[in-house]
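Student: In case you want the letters, here they are:
4 protein chains.
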Amino acid sequence: MSDVSEELRLRCARVKLVVTDVDGVLTDDGMYYAESGEEIKRFNTRDGMGVARLREGGIETAIVTQETTEIVRRRAEKLGIAHLFQGERDKRARIEALAAELGLDLRDVAYIGDDVNDLEAIGVCGVSATVADGMPAVRAAVDYVCELPGGAGAFREFAELLLGARSMRQR
Amino acid sequence: MSDVSEELRLRCARVKLVVTDVDGVLTDDGMYYAESGEEIKRFNTRDGMGVARLREGGIETAIVTQETTEIVRRRAEKLGIAHLFQGERDKRARIEALAAELGLDLRDVAYIGDDVNDLEAIGVCGVSATVADGMPAVRAAVDYVCELPGGAGAFREFAELLLGARSMRQR
Amino acid sequence: MSDVSEELRLRCARVKLVVTDVDGVLTDDGMYYAESGEEIKRFNTRDGMGVARLREGGIETAIVTQETTEIVRRRAEKLGIAHLFQGERDKRARIEALAAELGLDLRDVAYIGDDVNDLEAIGVCGVSATVADGMPAVRAAVDYVCELPGGAGAFREFAELLLGARSMRQR
Amino acid sequence: MSDVSEELRLRCARVKLVVTDVDGVLTDDGMYYAESGEEIKRFNTRDGMGVARLREGGIETAIVTQETTEIVRRRAEKLGIAHLFQGERDKRARIEALAAELGLDLRDVAYIGDDVNDLEAIGVCGVSATVADGMPAVRAAVDYVCELPGGAGAFREFAELLLGARSMRQR
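In the order they appear, the protein sequences are chains A, B, C and D. Numbered by our numbering, the letters in the first sequence go through residues 55 to 225 in order. Numbered by our numbering, the letters in the second sequence go through residues 55 to 225 in order. Numbered by our numbering, the letters in the third sequence go through residues 55 to 225 in order. Numbered by our numbering, the letters in the fourth sequence go through residues 55 to 225 in order.
Keep in mind the hints are simulated off the structure, nothing from the lab. Watch out, some of these pointers could steer you wrong.
Stated by the list, open to error - So these bits of chain D aren't anywhere near chain C, every CB distance computed over 10 Å:
{"id": "1", "residue": "Arg63"}
{"id": "2", "residue": "Ala67"}
{"id": "3", "residue": "Ala106"}
{"id": "4", "residue": "Arg109"}
{"id": "5", "residue": "Gly112"}
{"id": "6", "residue": "Glu124"}
{"id": "7", "residue": "Arg143"}
{"id": "8", "residue": "Arg146"}
{"id": "9", "residue": "Glu155"}
{"id": "10", "residue": "Asp169"}
{"id": "11", "residue": "Val199"}
{"id": "12", "residue": "Glu201"}
{"id": "13", "residue": "Leu217"}
Unchecked claim - Restraint ranges, calculated between C-beta atoms of paired labels, are given here:
{"id": "14", "chain 1": "D", "residue 1": "Leu62", "chain 2": "A", "residue 2": "Ser59", "range": "53 to 59 Å"}
{"id": "15", "chain 1": "B", "residue 1": "Arg193", "chain 2": "A", "residue 2": "Ala151", "range": "46 to 52 Å"}
{"id": "16", "chain 1": "C", "residue 1": "Gly134", "chain 2": "B", "residue 2": "Val199", "range": "44 to 50 Å"}
Unchecked claim - Partial chain C-side listing against chain A, Cβ under 7 Å, derived:
{"id": "17", "residue": "Asp77"}
{"id": "18", "residue": "Gly78"}
{"id": "19", "residue": "Met85"}
{"id": "20", "residue": "Tyr86"}
{"id": "21", "residue": "Tyr87"}
{"id": "22", "residue": "Glu89"}
{"id": "23", "residue": "Ser90"}
{"id": "24", "residue": "Gly111"}
{"id": "25", "residue": "Gly112"}
{"id": "26", "residue": "Glu114"}
{"id": "27", "residue": "Asp169"}
Backbone N, C-alpha and C fix where the C-beta goes; we use that ideal spot for every residue, glycine too.
Work out the full structure, taking the sequences as your base and the hints as a guide.
Tutor: Listed below in structure tokens is the structure:
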């Protein structure tokens, strides 16, 4: 946490919901296609632990993605993520609706995404992050650029940042 | 765009069609074989966004590859790429025919490939590129060597280069 | 072995059992999900050779993991690992029970893991290691941080360290 | 070729057969296991082109591996490799028998492998190589260590080295 400003740390400490994109964030940027029509995505075991640790720390996780696959439904189920929104073309509107439903201020919401279709969501959330290999326009727009690339633990890195800020506040 | 010459930028700005190889460009250089006979290829989600952004910017994408798989047919379909040519041993002839059919000068066509069987196509197109891990003979022949390797967003990088050049021209 | 202290080398030389985590150690940190419900893990051929070489050197290998999959059962079978414990939430208790059953002192047991749920096991074993991309809290707690990441030969690297220490002792 | 000694270049120029290991050389070091029992290996498209280019240059390719899978049989078939030997525990004996059968001196045979079970074969062949991520004992034993790791084009790199040496001789 040494390289995060005190101002950002304070914003991180109030986060109660983390919203994440899927492809390129929870997965590496790969889309695996098999000859039979099967699709495969590669998630990360350490990110999975991050979702569990956020929950223990009182922070919920939501998934908002433009794609719609059974793969993501199962991964969300495995990780116990109830807030799953697939096929979303307007991520910002979805996040605003979810925050309202949960009685959260948008300043209580953190967002992590990797591409230009995440820029609007990044603009409205209290804290924003991207993966080390995020698109240049996204890296330029967020509060925090992870040291790790998508699918290699970037979500976990962001989760630990939020948890660390919260535990500092509680001391 | 800072490290691209003004001359190359002008050539990029007139591109109306991008022709791409598949294996090693749209995919990492992997050929995944399963015991059952299944084959798998790994594409890139950010490259997919690149095809969409090119289209919005008025630039079409075509695929010309020596292999023939159902995998590539489905990926092209997903990305809305109508110009799909598989099993092509003479890529240059195919590109010349396609340009003629679309009423394009070859100077309106950009090409990205990674191996020695791409050299002839590279030689005739207006702008040429390869991936960071392209074969040495190809890296030596092209106008632009991407910073990213095949399957890791190199196609997207090239797409943004073309779109950036076009938007500069329009100002 | 040049960068390992004499004290650690002596501890390595008495090891008779290596206990390893699976996800993120024997595999890269990927969890591959297919649309059909299929799951895939990526092991490492050189790690497999490491298990064989440990056995020839008189050191047994055990797997202790929180997950439960048929994948790991088959990999263990392929490598001839008889001590396989899946679905373990208390890894430390399992290792203590196994050591007792085999008549081993915990100082005869080495452990390699990558995440915070491995910290208790790391605390009780005679020698501990993690992968190059292990979580920071784990890297700070172990005796040895491998140069190689999980799934890329880190287990083999640790195995060779143990075998090297043993062979030095025997001279 | 600049960093290869004249003596090694002369040895490379007489090679008529390249023998290659599979796991960790033609593939990355991954062994992909699926929950259903399916196994997957990741080959490299540029290595495939290497086999074709060797053939055009008058150099045959043989595969000698300890494992036995349908995956490797199909990959060999795809690449037109007739000399396929799976389940080989004594690689050196197999190579000696193959050379005799083809009427070749062992100095006409090149070998590329990555692990300690390749050391005997490395010891008898005219030219030997390993991948960038080969085991230390193998890197220490071979004539040439590729800049590229297994499954990322190392075989192709070795093939181009042999072809380059041959074309120099023919001038």
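Student: Within 44 to 50 Å: is that where the Cβ-Cβ distance between Gly134 of chain C and Val199 of chain B falls?
Tutor: 47 Å, holds
Student: Going by Cβ atoms, does Arg143 of chain D stay more than 10 Å from chain C at every point?
Tutor: 12 Å, holds
Student: Quick check for students: does the CB of Arg63 of chain D sit more than 10 Å from each CB in chain C?
Tutor: 30 Å, holds
Student: Since Arg109 of chain D was said not to touch the interface, does its Cβ keep a gap of more than 10 Å from each Cβ of chain C?
Tutor: 27 Å, holds
Student: So is Gly112 of chain D really clear of chain C, every C-beta pair being over 10 Å apart?
Tutor: Per Cβ check, Gly112 of chain D is outside 10 Å of chain C; nearest 31 Å; holds.
Student: Does the nearest C-beta of chain A fall within a distance shorter than 7 Å of the C-beta of Tyr86 of chain C?
Tutor: Status holds, d = 5 Å.
Student: The hint names Glu114 of chain C as touching chain A; please verify it with the least Cβ-Cβ distance against 7 Å.
Tutor: 25 Å, violated
Student: Hint check: is the beta carbon of Gly111 of chain C less than 7 Å from a beta carbon of chain A?
Tutor: 29 Å, violated
Student: Regarding the hint that Met85 of chain C lies at the interface with chain A, is the smallest CB-CB distance below 7 Å?
Tutor: 4 Å, holds
Student: Range hint 53 to 59 Å: satisfied by the CB atoms of Leu62 of chain D and Ser59 of chain A?
Tutor: Holds - the Cβ-Cβ distance for Leu62 of chain D and Ser59 of chain A, about 56 Å, lies within 53 to 59 Å.
Student: Is the shortest C-beta separation between Gly112 of chain C and chain A less than 7 Å?
Tutor: 31 Å, violated
Student: Report holds or violated for the interface hint on Asp77 of chain C, using the least CB-CB distance to chain A and a cut-off of 7 Å.
Tutor: 4 Å, holds
Checked against the numbered hints above, the structure breaks hints 10, 24, 25 and 26 and satisfies the rest.
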